[in-house]
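Chemist: Quick one: dock chain against chain with the hints and give me the complex.
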Amino acid sequence: MRKQDWLNEKYPQQSERAQRFSTISDMEVDPIYAPDDLNGSNLEGIGFPGEYPYTRGVYPSMYRGKYWTMRQFAGFGTPEDTNQRFKLLLSEGQTGLSTAFDMPVLMGYDPDHPRSLGEVGREGVSVSTIKDMERLFDDIPLDKVSTSMTVNCTASVLLAMYIAVADKQDIPRNKLSGTIQNDMLKEYIAQKEWICPPEPAVRIVTDMIEFCTKEVPRWHAVSISGYHIREAGSTAVQELAFTLADGIGYVQAAIERGLEVDDFAPRLSFFFDIHNDFFEEIAKLRAARRMWAKIMKERFGAKNPRSLLMRTHCQTAGVSLTAQQPVNNVVRVAIQALAGVLGGTQSLHTNSMDETLALPTEASVMVALRTQQIIAEESGVANIVDPLGGSWAVEALTDRMEKDACAYIDRIDELGGIIPAINMGYPQKEIADSAYRYQQQLDAKEKVIVGVNAHEIPEERPMETLKIHPEVERSQIAQVKQVKQERDSAQAEEHLSRVHAAARNGQNLMPVLIDAVKAYCTVGEISDVYREVFGVYQDPAWL
Amino acid sequence: MSEEKVLRILVAKAGLDGHDRGAKIIARTLRDAGFEVIYTGLHQTPEMIAEAAVQEDVDAVGLSMLSGAHMTLFPAVIDALKERGADDIAVFGGGIVPADDMPELKKAGVREVFTPGVSTQEIVEWIRNNIEPRTAV
Chain A
1 MRKQDWLNEK
11 YPQQSERAQR
21 FSTISDMEVD
31 PIYAPDDLNG
41 SNLEGIGFPG
51 EYPYTRGVYP
61 SMYRGKYWTM
71 RQFAGFGTPE
81 DTNQRFKLLL
91 SEGQTGLSTA
101 FDMPVLMGYD
111 PDHPRSLGEV
121 GREGVSVSTI
131 KDMERLFDDI
141 PLDKVSTSMT
151 VNCTASVLLA
161 MYIAVADKQD
171 IPRNKLSGTI
181 QNDMLKEYIA
191 QKEWICPPEP
201 AVRIVTDMIE
211 FCTKEVPRWH
221 AVSISGYHIR
231 EAGSTAVQEL
241 AFTLADGIGY
251 VQAAIERGLE
261 VDDFAPRLSF
271 FFDIHNDFFE
281 EIAKLRAARR
291 MWAKIMKERF
301 GAKNPRSLLM
311 RTHCQTAGVS
321 LTAQQPVNNV
331 VRVAIQALAG
341 VLGGTQSLHT
351 NSMDETLALP
361 TEASVMVALR
371 TQQIIAEESG
381 VANIVDPLGG
391 SWAVEALTDR
401 MEKDACAYID
411 RIDELGGIIP
421 AINMGYPQKE
431 IADSAYRYQQ
441 QLDAKEKVIV
451 GVNAHEIPEE
461 RPMETLKIHP
471 EVERSQIAQV
481 KQVKQERDSA
491 QAEEHLSRVH
501 AAARNGQNLM
511 PVLIDAVKAY
521 CTVGEISDVY
531 REVFGVYQDP
541 AWL
Chain B
1 MSEEKVLRIL
11 VAKAGLDGHD
21 RGAKIIARTL
31 RDAGFEVIYT
41 GLHQTPEMIA
51 EAAVQEDVDA
61 VGLSMLSGAH
71 MTLFPAVIDA
81 LKERGADDIA
91 VFGGGIVPAD
101 DMPELKKAGV
111 REVFTPGVST
121 QEIVEWIRNN
131 IEPRTAV
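Respectively, the protein sequence lines represent chains A and B. Residue 537 in the numbering used here sits at position 537 of the first sequence; the count goes up by one each step and never skips. Residue 17 in the numbering used here sits at position 17 of the second sequence; the count goes up by one each step and never skips.
Heads up, some of the hints might be wrong.
Per label pair, the in silico range of CB-to-CB distance [said to hold, decoys possible]:
no.: 1; chain 1: B; residue 1: V54; chain 2: A; residue 2: V381; range: 40 to 46 Å
no.: 2; chain 1: B; residue 1: W126; chain 2: A; residue 2: M366; range: 34 to 40 Å
no.: 3; chain 1: B; residue 1: K107; chain 2: A; residue 2: P141; range: 45 to 51 Å
no.: 4; chain 1: B; residue 1: W126; chain 2: A; residue 2: V533; range: 44 to 50 Å
no.: 5; chain 1: A; residue 1: V448; chain 2: B; residue 2: K106; range: 27 to 33 Å
no.: 6; chain 1: A; residue 1: I140; chain 2: B; residue 2: V54; range: 48 to 54 Å
no.: 7; chain 1: B; residue 1: K106; chain 2: A; residue 2: I255; range: 19 to 25 Å
no.: 8; chain 1: B; residue 1: W126; chain 2: A; residue 2: N505; range: 51 to 57 Å
no.: 9; chain 1: A; residue 1: V533; chain 2: B; residue 2: K107; range: 43 to 49 Å
no.: 10; chain 1: B; residue 1: K106; chain 2: A; residue 2: Q482; range: 37 to 43 Å
no.: 11; chain 1: A; residue 1: K144; chain 2: B; residue 2: D79; range: 46 to 52 Å
no.: 12; chain 1: A; residue 1: V448; chain 2: B; residue 2: W126; range: 21 to 27 Å
In case anyone wonders, no lab produced these hints; they're calculated from the structure. Beta carbons are placed, not taken as given, at the ideal position from N, Cα and C, and that holds for glycine.
Extracted from the complex, chain B is given alone in its bound form (with noise of 0.2 Å):
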């Protein structure tokens, strides 16, 4: 029987805005569900959190966006990602993202957008639903 790799996630906070407790709440949340979890802190751009996912080899980057810059800073993730080879990591996120900008992220390559009031269960659930184990152990 062969063990299934647990899920690294990073739980990141892109840019200037300093609004934590979607992003601390989640970390917790995906943690207590049996993830590994890494939080970024705060004010990060999107070059520190590719490094950071490359460094952690984690599965999927979860981005916390509140400040109106997502159509920016989600983007801008998926290719600093890309520019290190790694653009396998599944990136998903969460926060104030209106409806019409979805389709535009999603085009991206982001992988979801979790807006307010989804519970936890729901991404949790997701996550075990959609990402897969970057590499093969």
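Looking at chain A on its own, in the form it has when it is part of the complex (with noise of 0.2 Å):
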């Protein structure tokens, strides 16, 4: 019997609890999905985990080779606060470091600066000269480590720093291993943190590109974010969608540069959002391997297999997590943490269940690790290679992300590419309109949240939450205050004007900007060569 005919005849529909049923997308759903759903050539394309189109995984024994790196984001006050945690988190058995920086740090100001009073230390750690770097890791081994940095604007001065205390410690650059985001076009879609208009700011992305290529050899030099994009309200399928143009925009500077494809794609990395809706999240990830696949070989022309790999992290959805009975947080990043697992990630950031409130206390960040050695230890999951694999609903609903994500990226080519679409508000705007939906479901109590608009309680006892202390911005400016006086002046200034020469005449910016962070140049001052020399982009402020 075929699908449509079974729905026909046996299926109960005025029994339905719903007149509609819909992911968190509102991507509608089929009461049952069955073998029609899926075409032959589709269930081909599925394949094997570790082969071409990765559907399945990008490697052919994906967790009983290892576990997924797993990768809590830290970072608050001073950086002797920020390595204590770091510390904590290795010691419990996390396996790689992910630094939070402080909003100075992502806009480009240091701690003395007027623009950035009361935000020093707030929601990430504050570093403005190399000497704050070298506290935030010291003790800690970063030849052994993978570190992770989520800086973006600014992204490429924090990279020479971590890059300069290395060197500092003769620890050769081929030893370092990591992640820095530094993903410029999703921040003019989604988080709104930048320096420069989009055009500098991704000729700066493509000058980290090939100075990793050829002097980082281990390092992401890019992490193509969709997390911000979801977080911002888009839909998953619109996240999938910007997140693919961006790539395709930075593979294409970086050919147009003259770099070789095969060089640098297999250096490339991503970073998703996993939200509530668990077989759309699912779904996601295994249409987004798909699509990276097909483009880089098909757009692209890749031939080195590594190129076609899409290896993400994940970080379940902040966004998901409500202020209302915080103790059920747990339990939403526990299903999102095993749609991201079963999904096939790579590396994983679950929340603390009080995000929502403050900065995780050490308790929370503690049961949130714990989420993941669960599920990875305990629940048997990791055993089995894509276990959801040939699932109809499944493979049906990846047929359908793909399906509407690629529909995107070919309106955003006849825009004539991410940057036009960009200037002209489009994803910005597709975005903010999901987003003001969702919030009228959310309203009319279409979409449901537990504890918001369904089972309230009326009174309840605040949590516990993590304080930043005020004196974290008091020492934070008496320290880049006596870095610039004791510094040799005239030698900072040199660099300076090396910065200004090199963002001008076009010259690769890491080797100066190594060269001016050991001079102890700081990230407001390299940011302030940055404005004048690419200006000040401008919000266009779309509602």
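Modeler: Spelled out as structure tokens, the structure:
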């Protein structure tokens, strides 16, 4: 019997509890899926893990070889505060570091700048000089850990500092491994922390891809990120489409620079959000791998199989957590983390239950890390590769995500690529529309959030949260002032003028930046050079 | 019959944080509810916000704050309004603000702070019940 016949003849539609069933992204789903949802060619496309088009995973043995990297994003207060949290996480079995920087770092200001007032060390660690970077990684062997740094418009400066610290410790650059987010395109689309307009920003990203390919071969110079796109309110399909469109943008720029696609493509990495809708998220990751493999092979002619692999980090959806009954967030995070694992992620951050209230406490970070360890070591899901492969529902949803995301990418191609699309506000508008629609669905209770618009408790006891002491700001201001006073100021000036010259004449910025941070030039000073040479981007402020 | 003045509201994003999902949803919601809405765009200093509030002759400023800098930036906006002789412009806000910080913010003159999970109707209702037109027409 065919699915449609069964639905027509046997399925009791009138007894359904809702008029319409859709994912959290409002993608309608069928009551059942059956073999006729998959035509033969798609079934063939599923293939095996570690084989093109990698729908089932990028490696043949996946988590039977090794578990995903458990990588908790951490950063707050002074470099010492964060260094201590890093060491705790490493001692508790975390396998990679991930650094959160404060708003002044993310926007290119030193702690003593008036615009940094009230923001120093608040939602990430404060770093403005190489001295801060040395304090941040004190006693952590840079040749042994892999470090992720979440920073974008000032990524070039922070990477220069990380390399400079390693140079000072005589650690060869080819021993450094890690990732720097450095995805500026999604900043204009979603997270909106920037210095200069998209064209020069992509030029700096390309400098970094070029430099790392030659000098720091185990480093991922860009982590092409859907996370922020989703958190800004996109649907799963939009997250998938805009992320891959950004990826296409970077590959295109690097090829135009004269790089060989197979030289740099294996070091591109990705970063996705894992939201509440279990099967939609699993399908999204499976579709993402397949689409990227096809894009690299067909659009860019990559020959090296490693160029076709989409390796991704995932983070559970911060936006899904509730301030109401926050302990419930532990359950949300567990379900999302499980979807990330069943979707085949290479690395995972699980959010802490208190993150809608403040940065997480030590106790709640431990629950989040233990959630991953329980999935890995107790649930058994890591023992079978792509256990949902061949599920009619999951395969049909995977096909659907791919089809819908491809339609968006076609539209962006028609607009002339991702930068023109951003400049006309296309992805921004699509996301804002989705965010508004979802809020309306929540207000109308068409979508449910437990504890918020269903199953509420009237009075709740507030949870203990992490407090950032105002002393952090004062001490970081004192630190940067002291560095500026003690350094050889003529030498610092000379290095800043070299950065200025490289920014203007198109020479790769990374070597001059590494020298500049060694001479104690600051994040704010180098960002000022960028502001002067490239100008400051203005948000079009669409509603 | 006197015609009721339509409330003018400035939705503002203070500080360095760029997360504007909430600010944009609120701005659209208030516009759809019949208010006149002006959105500042991102990365505004307290002075820029106060200046825009005065220039645009608004009745209230709604600040979106997610970066943890609320204890600095809310009072700074209120001070900047005072400096411009515009302390009758009501300041309210929304975002990630722990309950512990509320009393001090209210003392500083913040009229209300909406935290995650509140429905957009509640915000609209609150404005209708609590914000008066600044100058009688």
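Chemist: Mind listing which of the numbered hints don't hold for this structure, in increasing order?
Modeler: The structure conflicts with hints 1, 7, although it agrees with all the remaining ones.
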